[in-house]
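A.B. asks: Chains A and B are the protein sequences, given in the same order. Residue 133 in this note's numbering sits at position 133 of the first sequence; the count goes up by one each step and never skips. Residue 1155 in this note's numbering sits at position 155 of the second sequence; the count goes up by one each step and never skips.
Since the hints were derived computationally from the structure, they do not count as laboratory data. Fair warning: this is a prediction, and the values are worked out from it, not measured in the lab. Don't take each hint at face value.
In silico BS3-like pairs for lysine-lysine, Cα to Cα no more than 27 Å straight-line [unchecked claim]:
1) B:1162 x A:64
2) B:1191 x B:1031
3) A:282 x A:64
4) A:16 x A:282
5) A:125 x B:1031
6) A:269 x A:282
For reference, the chains in residue letters:
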Amino acid sequence: MKHAAQESAGLIAPAKARSELMVWEALNIALDQALAADEAVFIMGEDVGLYGGSYRVTQGLYAKYGEWRVRDTPISENSFTGLGVGAALVGGRPVIEIMTVNFALLALDAIINMAAKLRYMSGGKLRVPLVVRMPGGVARQLAAQHSQRLEHTLMNVPGLRIVAPGTAQDSYWQLTQAIREDDPIIVLEHELLYFKKDPFNVHAEAPPLHSAAVRRAGAHVTLIAWHRMVDVCLQAADVLASEDDISAEVIDLRSLKPIDLPLLVASLKKTHRAIVVEEDCKFAGAGAEIVAALQEAAFYELDAPIARAAGADVPTPYNGALEAASIPNAEAVTLAARRMVGAREE
Amino acid sequence: MQRDLVRQFLYDMLLARRFEEAAAEQYTQGKVGGFLHLYPGEEAVAVGSLRAAEPGDYAVSTYREHVHALMRGVPPGAIMAEMFGRATGCSGGYGGSMHLFSAEHRFLGGYAIVGETFPVAIGVGYWLAMNRSPDVVLCFFGEGAANQGTFHESLNMAALWKLPVLFICENNHYQIGTEVHRQAAVVEVYKRGCGNGVPGRRVDGMDVLVVYEAARDAVQHVRGGNGPFLLECDTYRFRGHSMADGGDYRSALEVAELKARDPLLNLRNRALENNWISEEDIETLHQKAHAVVEEAIRFAEQGPAPEDLYYGVYRRPLNLYQGRP
């Protein structure tokens, strides 16, 4: 009982670095270290303080740093995100948590009209060192208003940088790096990844914030993904290797703005085929930009049109089976790769 | 009332009036582009309230903000050059009339989406409170902005955390063409602060001495750690909403009545009646204001155009693909 009471009050300690961590723990360590290292850093959002964060990401930080550095807000997304913009203009390094990307739609004025534009509109004289964290993605039957992916909306905004860590290690690295940057950075998280356990080394050297990573090397087709779809691609790659003798390369994009195009092109030069696997909707989705950029950069390397396995163009349904059918799975990726690689051999 | 102060207010308002008239002339000649929202009629609000602030205090304003920038000490030439779209403008020619910024004068904009000044101001206020700074924030907004969600959201947070923010409503009675009684059930904006725990009062925004004294008291309240305050200034704009607005929705009689309450004219007459200043002194101030604005135009005309399309999108150019060739 005592433990439960403490936990509900957000008073248990922040996570400790171990060799294996869940994603939320890695984010928690990054925030704890950032708060300790720089007094300009403060956290703000709904239930980030006493409650400890709806996905536990800020657990223990309220007790450790106090209410001015870890602030519970009213349900006023546009104004508390805009508050972060104002504080960033005068020396603060706010880390704003928006409970889900769906609620960020209420804060787009602060993000798009203000954070993204103030440095430019002021002739480079103002700076907005603001981090906005928000989890998105299709989770478990949360229905249409709680399952959106907003990558495409934010990618089309000059002035924003967007990272999408999908592992515990990247979550730690990229959040730590984002807080140190002087531009507004969106850290897109995924609701289903918070409790995924990954290898973790707090001392390992971080790659550049916006670099992509090869998760599995391959020779016949490049699977490009981020967040949860990387795991889907890795499952597909296993099947393709064992059943089809197809060697798939899996790239975790890690960043959606900017995009590590050189790494993607290098992969294409090897495999000559690519599939973008994305959870967001296909029409004008993030994948559309990736495909367009790749054909501009590496058209003559291609042996087949670049394909997309993407979310269906529907508001996410509640029914579990329909929900599963609305986003790509390993089977869909396997089939797409089989079709693409097989077509050449026929 | 101190004579020096009256003299200062007269000069400030003469400069503000002349600056805006000149901006309109330059717009008509095609040298100022975009939207241009002018301040004549409302001068007492910016002058009275910002003269009650200290150099260390911050100001956040709307798209009708030239005079607020002037009162914060941003050079008239840098403001005019910005409207001319020149690199010598206070925003490098990237912002324009609606987006004046000058961090060194603690003037933080220049926001063209109605209601944005609230969250920016409470953000600055949060940072000041968190660091136990003695400085405060002056947040300007029109009565139309009180209909935005950010008004209530931000006032709630400001009161909840006792942030040092003075909200100053420039109630000019019109959100573009919609008069206040047609846009709000409660037409006195200060009353709408009360529900969010922000005390306030309404004063004659056409009288710079009244605004100054009210703002001084309000700044003292805010600086004393008592939380935010809402000062509503009942004012009027003599021109249309912007240069694109002829103002047909107001009767000539109404405009004439309000022009009879011209804050500049009224202060001038009172100052003369009370022997606070002589006709000659006023003429000197008048000529000085004209000369300063002429010099601002000259400075603006001579400024080079900004050349780097991508300057300032990010702190440093991103060295990976983001669509930039």
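A.B. asks: Check each numbered hint from earlier against the structure, then list the numbers of those it violates in ascending order.
C.D. replies: When the structure is compared with the hints, numbers 2, 3 and 4 turn out to be violated.
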